[in-house]
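Student: Please work from the sequences and hints to get the whole structure.
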Amino acid sequence: MRKCSIDNINDVLKALSEKIPLYLPVDRLDGKATYQKYQEGKVWSNALNTERSAKDFFFPQMENLVEFKTQGKNVEVIDIRDEKQDFIIFGVRACDVKSFEILDRVFLSQPVDTFYKSRREHGIIFSLACSKPNETCFCSVFNIDATAPAGDVTLWKTETEVFFKANTEKGEKILSEIDSLTTECGEETVNEQREKTKKILSKLPLSDLDLTNFGVGKTKALFDSPLWKEMSSTCLGCGTCTFVCPTCQCYDIKEFKVGDKVTRFRCWDSCMYSDFTKMAHGNPRLTQAERFRQRFMHKLVYYPDNNDGLFSCVGCGRCLSKCPISMNIVKVIKRVGGKENE
Amino acid sequence: MQKVSREILVDKAISLLNQGVVKAVFGWRKGEFDYDVTPAVFTTEKDIKENFVFNGFCGANFSKYLVAKTVNFDGKILVFLKSCDTYSFNQLLTEHRFDREKVYAVGIPCDGMADISKVKEIAGDGVSKIDFEGDMMKVTTLYQDEPVEIKLGDVLLERCYNCKSKKHVAYDELIGEDGEVLDSNRFDEVAKLEAMTPDERFAFWQGELSKCLRCNACRDVCPACTCEKCVFDNPNSGVENKAAANSFEEKMFHIIRAFHVAGRCTDCGECSRVCPQNIPLHLLNRKFIKDINQFYGEYQAGEQVGSRAPLVNYTTEDVEPCDVFKGGEENA
Ligand code: SF4
Ligand code: SF4
Ligand code: SF4
Ligand code: SF4
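Just so you know, the protein sequences line up as chains E and B, in that order.
According to this note's numbering, the first sequence holds residues 1 to 342 in order.
According to this note's numbering, the second sequence holds residues 1 to 332 in order.
Treat the hints with care, as some may be off.
[Said to hold, decoys possible] Listed next, the in silico BS3-like pairs over lysine-lysine satisfying Cα-Cα at most 25 Å (straight line):
1. B:K120 x E:K196
2. E:K32 x B:K151
3. E:K196 x B:K30
4. B:K166 x E:K334
5. B:K120 x E:K32
6. B:K229 x B:K69
7. B:K69 x E:K331
8. B:K229 x B:K192
9. E:K334 x B:K151
10. E:K331 x B:K129
11. B:K229 x E:K257
12. B:K138 x E:K32
13. B:K129 x E:K132
14. B:K211 x E:K254
15. B:K251 x E:K254
16. B:K138 x E:K229
17. B:K211 x E:K32
18. B:K23 x E:K254
19. B:K3 x B:K138
20. E:K334 x B:K49
21. B:K229 x E:K229
22. E:K42 x B:K211
23. E:K32 x B:K118
24. E:K198 x B:K49
25. B:K290 x B:K166
26. E:K218 x E:K229
27. E:K331 x B:K118
28. E:K229 x B:K49
29. E:K32 x B:K129
30. E:K199 x B:K120
31. B:K129 x B:K164
32. E:K132 x B:K120
[Claimed, not checked] Selected chain E positions facing chain B (Cβ under 8 Å, derived; list incomplete):
33. C185
34. K198
35. S233
36. K261
37. F265
38. D269
39. L320
40. K322
Hints in this document: simulated from the structure, not taken from any laboratory.
The model shown is predicted, which means the values in this text are computed figures rather than measured ones.
C-beta atoms are modelled at their ideal positions from N, C-alpha and C, and glycine is treated no differently.
Tutor: This is how it looks when you write it as structure tokens:
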């Protein structure tokens, strides 16, 4: 393990970003943190997490796939792929790091999504351990250790120091390149912080969420619950929950035409939308209750069914703080999975 | 603490339900914390007793929900309306968007609603409990030994900070005393934007609108946006877009929406309240309201059912279009 003084973190960021473009959480004018590209003057945010999740780096909201140019009867296909450059994401929390594993299972299984794969291969992840979790956090419910996130390098931040630990070859290589800015150290301070944080985590208000009624094989028991209709009755169908969610992975492919040029792009889609998965015969989910059910059943039952029991929620709490009507996965877990539904 | 207590609303809801006056009740349902209140439909006395809340986090305006909920509903629905909500209610009636006969509206006084993100800016993260005492809140967090005391007036939603009216313009029954239309400062921020150069203004909106996720929450919550199929959702419209393909499209959605609600927007503030990216959408709408007031005389959408909005009316006194244009020039 290596460390540097917090006063020198800018030197580290500068040194890293001179080699590879680096993105880190920076406070926006309204005080909310978002990932921004490092350049002199950008200050690493102290916020617990970013407004939008880190999935944007591998699965951006909008990406152009290919272009066509038409001339008479000829169609020229233009390769515009640009996801071939290495980049560093600095300060990713444990929940978001876990979300990459969930996305990998979708995009890297056959047929492999080569856009996603290429970005994943070029991304270097510096994760950051939590020490002040929020009341909306419930990562521990999904067995995520917020005090020791995975990633190529793990970071711990205290009031005075930043600690670095490499977990992969990629991580070791990049840390060795900034050797002169860090010093070798023991793990005592980090372990102390971890113990303290673990105590806080165990006492968080949502740490006792009970998932026993969800997971593999629970479709039949939950699908027809009357609560879907009741709980979705004021859902706006806005899809905010799906857009801020680090594990939501649905997209649509569309074309944008200007003159003789056609750009084929993909953009995020949302199961909460009325035209989601619209087919020739129409939309398979006619009511908001069915769409609402889809979102939560996918996270808590269908995905686990197809992925060895792994839930596709990481407890980041974004949908809790962002839903305009304050409806969210925790309320669903408590009511649909609770006594009311037995 | 609001002037009217939860108990009064609960008693009202239960008595109207038990008397058979209404068959369902729109109310705020308690959440996991004290601030994550969900708008909900209640149909049983038990559910109301256990889960109905009324506190400083009941910003949600139920008016728009009436459009969908009254269709095919057999009987009346009780809805509680804060003064600002009653303007949306009237505007929807003006546009014939729901059947008035199916609604029992109870006006309730409001001291302003809080914005949890402002509370967290002061108290910090980890808010585990909020107790209301008079116009103060005691905010208990995971990280401070003592609760943090915050004045409701310091953490109000933008629209409440600039409340335009404490008067209820629609109700079947009113709880408490009615208030007055207020002199608000709601156009101050618009004036600031007008004072900018066009380039500065462009940069301001570019910066704000580029944050947009296109979740459409602003549109979905807007009581003036009640088209059955929005053009932006309709694959057959040719302009459907789920994400902005370029920076032109980024602005297009907002400009079109602002124009579409111009003259019908009551300035209810829901769009800015729900935007997950904190985009000050109210400034777009208020610019239209300010201009309409300036060019066509004071007009408040929703003040009266059936009023003819200046933009869909014609009088010989109407301002000439070229003067409207000059109005823009002067500001440039
Ligand atoms: S659950 Fe909330 S965020 Fe998700 S679509 Fe419904 S209203 Fe929007
Ligand atoms: S469902 Fe909500 S809490 Fe779970 S990962 Fe998605 S945004 Fe986070
Ligand atoms: S609510 Fe905000 S982020 Fe969503 S579409 Fe409207 S402006 Fe954009
Ligand atoms: S545009 Fe915004 S302020 Fe105006 S009526 Fe719609 S939600 Fe309310």
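Student: Looking back at the numbered hints, which does the structure fail to meet, lowest number first?
Tutor: Numbers 3, 4, 8, 9, 16, 18, 24, 31, 33, 34, 36, in rising order.
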